[in-house]
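Now for the letters of each chain:
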Amino acid sequence: METIKINIDNKIVEVAKGSTILEAAKQVGIHIPTLCHLHLHDLNIENKPAGCRICVVEVAGRKNLAPACATECLEGMVINTNNIHVLNARKTVLELILSDHPTDCLICAKNGDCELQSMAQEFGIRKIHYEGEQSTYREDTSPAIIRDVDKCIMCRRCEMMCNEVQTVGVLSAVNRGFMSVVAPAFEMNLDHSECTYCGQCVAVCPTGALTEVDHTNAVIRALADPTKTVVVQTAPAVRAALGEEFGLEPGTLVTGKLAAALRRLGFNYVFDTDFAADLTIMEEGTELLDRLNRHLNGDKNVALPILTSCCPGWVNFFEHQFPEMINIPSTARSPQQMFGAIAKTYFADKIGVKREDLVVVSVMPCLAKKYECQRDEFKTNGNPDVDYSISTRELAHLIKQLNITFNELPDEDFDAPLGESTGAAVIFGTTGGVIEAAVRTAYEVQTGKKLDKVDFQELRGMEFIREATIDFDGLPIKIGIAHGLGNARKLLEEIKAGKSTYHAIEIMACPGGCIGGGGQPLHHGDSSILKARQKAIYSEDASKVIRKSHENRYIVKLYEEFLGKPCGELSHHLLHTHYFDKTVEIKVVE
Amino acid sequence: MHVLVCGGTGCHASESDKLLSNLKTIVADKGLENDVQVIATGCFGFCEKGPIVKIMPDNTFYTQVKPDDAREIIEEHLIKGRKVNRLLYVNPENKEHISDSKHMGFYKKQLRIALRNCGFIDPENIDEYIAREGYEALGKCLTEMTPQQVIELMKKSGLRGRGGGGFPTGLKWEITSKSVSDVKYVVCNADEGDPGAFMDRSILEGDPHSVIEAMAICGYCIGASNGLVYIRAEYPLAIERLKTAIKQAREYGLLGNNILGTDFNFDIELRYGAGAFVCGEETALIHSMEGKRGEPTMKPPFPSVSGYFEKPTNVNNVETFANVPVIINKGADWFSSIGSEKSKGTKVFALAGKINNVGLIEVPMGTTLREVIYEIGGGIKDGKEFKAVQTGGPSGGCLTKKHLDTPIDYDNLLASGSMMGSGGMIVMDEDDCMVSVAKFYLEFTVEESCGKCTPCRIGNKRLHEILDKLTKGNGTLEDIDRLRNLSKVIKDTALCGLGQTSPNPVLSTIDNFMEEYIEHVTDKKCRAGRCKALMQYHILSENCVGCTACARNCPVNAISGERKGVHTINQEVCIKCGACIEKCKFNAVVIK
Amino acid sequence: MAVIKLSASKIDELKDVCKSFNNDKGELINVLHKAQGIFGYLPAEVQEIIAKELKISVAQVYGVVSFYSFFTMTPKGEHPISICLGTACYVRGAEKIIEEFKRVLNISVGETTPDGKFSLACLRCVGACGLAPVVLVGDKVYGRLSADSVKEIVSEYTK
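As they're listed, the protein sequences go chains A, B and C.
If you're matching positions, the first sequence starts at 12 in the working numbering and goes up one per residue.
If you're matching positions, the second sequence starts at 3 in the working numbering and goes up one per residue.
If you're matching positions, the third sequence starts at 5 in the working numbering and goes up one per residue.
Some hints here could point you the wrong way.
In the DSS-like style, the derived pairs of lysine-lysine whose C-alpha atoms are separated by at most 30 angstroms in a straight line are [unchecked claim]:
#	chain 1	residue 1	chain 2	residue 2
1	B	K527	C	K106
2	A	K460	A	K593
3	C	K23	B	K249
4	C	K80	C	K19
5	B	K383	C	K80
6	A	K593	C	K80
7	C	K29	B	K578
Derived from the structure by calculation, the hints contain no laboratory data.
Only a predicted model underlies this, so the values are computations on that prediction, with no experimental measurement involved.
Working from the sequences, and respecting the hints, build out all of it.
Rendered as structure tokens:
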């Protein structure tokens with residue numbers, strides 16, 4: 012590696028050629044403040060429009076200050092990051108941003124978790140010297156995401172996520188100058204756009220401009236209603252991240268405390284979406300094998316590859332952007348919806364509660380789930396299978412609001428029967444996990460043999476597109492994995508062009524899978540947090556005695572008592588769905 | 003005989019097209035088609051006196067010619083050989099008629115290199131360009147010189163970018179030529195956006211082939227076979243002329259494959275701007291050509307390394323290109339003998355504002371402001387007093403009386419707190435309020451800021467707000483300090499050239515006219531009488547005859563008084579529209 | 005399913021324009037120029053179609069349309085009036101001309117009269133500084149204006 016020597020704040024540093032001043036400074040422990048810059052190293056995602064101008068530094072011999080995030084170090088460069096010239100400029104720039112920003116911090120959804128707020132605190136801003144007109148826009152509330160663009164600071168992170176990473180293309184910078192802002196086309200609301208509600212824009216927004224729709228009050232009201240029986244399900248990725256909201260190290264598993272907290276919040280039954288994940292494997296796995304075997308037997312009407320369908324952001328994506336392919340994904344509902352359907356039928360019957368009196372709350376790492384549970388096809392007589400979906404962040408707020416000292420809670424278990432799960436279900440929370448869980452079951456069902464080793468390292472990792480061929484006892488099964496919708500698009504284009512050779516593909520909308528979901532505690536650009544969560548998920552799997560979905564005894568019992576067989580008639584009715592063409596139609600009027 | 007009629011936009015707006023067709027019809031009627039050619043040319047520069055008609059070969063220069071004058075010109079001058087005296091230019095000093103333009107003050111000090119063909123040739127006829135050494139330079143480069151030799155010649159000539167920055171052109175070409183790539187581009191920046199500058203437009207309208215030839219030469223030097231002209235959609239005439247010229251050049255084998263029998267291929271396409279000043283900045287221009295929002299990006303990488311679709315791209319502006327063929331033909335030494343020490347050659351300025359001779363001028367670098375304003379420009383309009391001249395448009399600053407004898411070149415302008423910019427030169431007199439002028443430019447920048455970086459998006463808005471406060475009489479002395487500090491931070495931290503220079507009008511007016519700023523604050527007074535909020539209209543009882551004209555024309559009925567009695571203005575109702583002052587024939591209404 | 009309403013012949017014309025630029029997204033601005041030529045403005049429907057043809061997001065198209073002042077999403081008047089606000093015109097009193105047009109037409113800058121006859125806009129320098137202050141009605145340039153000439157100009161088009 013070629014290196015160069017530079018001088019930062021009178022320290023001589025040797026850095027790799029091509030490093031930015033920001034990277035070089037980090038090497039010697041100099042923290043240069045940044046706002047628009049975002050670099051998720053492990054995912055190779057970077058946003059550096061050099062627009063906020065907070066990170067400016069003085070470079071000897073240059074006329075103007077240079078943004079550290081986007082200025083490459085050159086041999087012999089002399090850099091000053093903290094003299095009065097730099098500090099005055101930075102402070103003035105920050106005051107300018109604040110002068111066009113509402114100061115309702117006390118009641119802002121991002122209060123305490125806002126990068127702009129922390130920066131104002133760090134800089135010791137006590138007065139804004141350049142007050143003036145503030146830009147105002149209409150607030151936009153969709154089923155999952157709230158856009159309060161008055162708080163937009165034009166960091167463009169959301170735009171980068173939406174266009175470059177997710178290739179959804181809903182957000183763009185619009186207008187220019189003082190009125191420029193990031194918005195959907197024609198500044199319409201998100202629910203008029205092709206938004207998938209993946210929430211990656213929310214996950215990276217440094218301020219309160221993009222936040223989730225908050226259902227915590229609805230949950231509190233339901234819990235307080237004596238006529239309602241309230242059950243809760245919690246997704247696999249939640250347990251690997253919730254602890255961060257309470258100051259625990261990223262990657263701390265809090266499964267037991269999570270169950271305990273939910274019980275103390277007053278839920279009548281504390282269940283686990285993992286149960287439904289096992290159920291998903293039974294349904295989706297069966298569908299996969301059915302399609303695979305029919306295909307192998309020469310049935311030309313069967314299309315392969317089969318695509319997973321448990322990610323609602325991904326479902327929204329192909330409904331909007333690949334309507335011609337809506338027959339390819341599995342028809343299996345997502346675990347959240349499978350859970351809701353079973354809870355409001357099988358379980359409601361079991362405890363003798365009417366559907367209308369049973370409230371199902373889900374805790375999800377995801378914002379698209381908020382939209383998913385409102386879809387008409389998941390309602391019976393207007394009553395949704397899942398009533399409220401709250402994010403990991405919202406759950407943390409609930410716990411804090413109800414005076415529960417999370418870190419001191421004992422570890423408790425989930426309730427039976429819908430709280431029982433296997434290691435296969437836990438790994439749904441990370442990219443590669445769903446397909447690994449499916450392989451564990453499909454292999455044994457297809458070959459009739461027991462797997463010696465259930466860990467499929469070849470399916471794990473963080474690379475955006477991964478592939479592996481699994482030997483099904485002589486039958487090579489080719490698996491594809493993509494996370495991030497932009498990468499999903501690449502695989503879809505291959506399928507569309509007839510070039511895809513995969514049998515099955517797992518797709519997760521969010522980079523990293525659900526551990527990096529739009530509803531998770533904010534990573535603020537530190538991608539090592541995602542890696543730690545992933546590690547936690549796999550360690551929970553490894554610690555389980557039962558690690559294959561079809562061995563979950565409560566699942567076996569569910570089929571015996573209620574569903575009959577996977578992909579049977581009742582399953583078809585309760586656990587499967589169909590998709591819609593949501594593209595814009597051009598109607599001709601003479 | 004040739005009859006040259008100015009077809010530039012200014013004259014065109016004064017019905018020069020009708021004049022042209024009248025001339026043609028009458029020439030035909032008289033059966034003179036074989037002896038007289040009537041030609042529409044590009045801009046002569048003397049827009050103040052347009053439409054211009056020039057008769058060759060005797061160089062008679064007619065001014066302010068109306069369509070109805072066509073018959074007299076033909077019958078008297080062309081047929082009878084008698085000049086039409088009433089259409090000749092009158093020397094304002096001795097009231098004598100001047101027939102030949104080279105004796106006019108406006109032209110005497112000018113040296114036309116970039117504008118050499120404007121007003122001399124029919125821009126829609128390639129043969130006329132060729133007759134004036136056109137495409138000779140391209141031929142010379144392709145057949146007698148290596149690209150490196152041409153680059154050396156350009157470097158030696160000392161030509162610097164005429165778009166504003168003043169970067170050495172030869173050096174730019176050299177850097178792009180050294181970038182390794184299969185595809186490279188030559189881009190001509192014709193997104194002339196400075197309000198009050200129209201030299202690029204005039205060159206494209208008057209001499210489009212000079213730009214085409216230079217782009218091809220540049221392509222040869224840097225190893226590019228694709229040329230793009232990014233031109234404002236607001237310039238329909240220039241676009242048409244350029245299209246015609248490109249077509250003709252292709253027909254003559256001067257664009258396309260195997261130009262002049264060599265293995266050099268080069269062709270040019272047009273890309274249109276859509277009304278964004280920031281697209282004059284080269285990275286923004288490139289993004290705009292790619293079909294995107296015209297937002298600038300960080301340099302480096304420079305376009306010469308990574309530009310249009312990430313390919314090495316050499317961007318020069320129209321005037322820069324227009325200089326190139328002459329430099330090749332006449333040599334680097336000839337060119338570098340003109341101008342000042344560090345700024346070689348000439349510069350075209352659009353002289354406008356409160357000046358007698360508005361128009362397009364080209365003078366050697368190093369000419370003083372005094373020469374430009376008083377000798378070429380003919381002094382200040384209506385005998386008023388010179389106050390300032392604004393150069394460099396929204397990125398520039400004001401020069402004042404103390405700068406009158408400063409030789410104009412890149413470095414002197416920068417040192418005086420202004421800049422060359424693209425060459426707009428707006429003259430202001432005692433009636434112009436310098437706080438308002440700064441506000442005017444900031445309003446422009448606020449409107450044209452792309453919004454990408456904080457200092458430009460919000461900082462300029464705040465500057466404008468503070469200036470607005472001052473012009474309304476609500477400012478404080480601290481506001482002036484805030485203007486200064488904020489201006490400095492914006493210059494220091496903005497992303498692109500637009501933002502980095504946008505506070506210049508504020509800083510330079512504060513530096514040169516601090517007393518006016520202070521007056522606005524402490525005395526609530528605008529000495530130029532421009533700031534409405536700071537003025538009051540009053541009727542002088544000694545002059546008022548009670549004609550009631552003011553009262554009848556007041557849109558808000560603020561004026562009362564008996565017929566033949568002295569009128570008065572109700573200050574609470576008055577909206578300061580100025581209608582009374584315009585209607586009063588007795589100089590009875592005054593602004594205080 | 006969202007629905008777009010436009011006449012079939014115009015949609016075809018628009019698609020032909022896109023095709024003439026090889027449906028190349030790099031030609032977006034050229035396409036928008038032509039489209040505005042066909043429709044007089046760029047309604048949302050037109051932008052949707054362009055996005056589809058050039059295979060880019062409609063947000064990106066709108067991002068571009070809203071960036072450049074030449075593009076408009078509201079129909080212009082039959083006689084669009086543009087007042088030059090270049091510096092030369094400014095120092096020679098363009099502001100007064102604007103005020104007078106606003107008063108005579110009873111609309112603000114950026115608006116169209118209720119009868120659709122006139123719309124009012126400002127632009128930056130048409131390059132006719134010798135004639136300052138300058139106004140364009142359609143393509144016709146009016147120079148050396150005073151506030152008094154405004155009424156005359158308007159009446160030329162209201163006969």
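Those earlier numbered hints the structure runs against, lowest number first: 2, 5, 6 and 7
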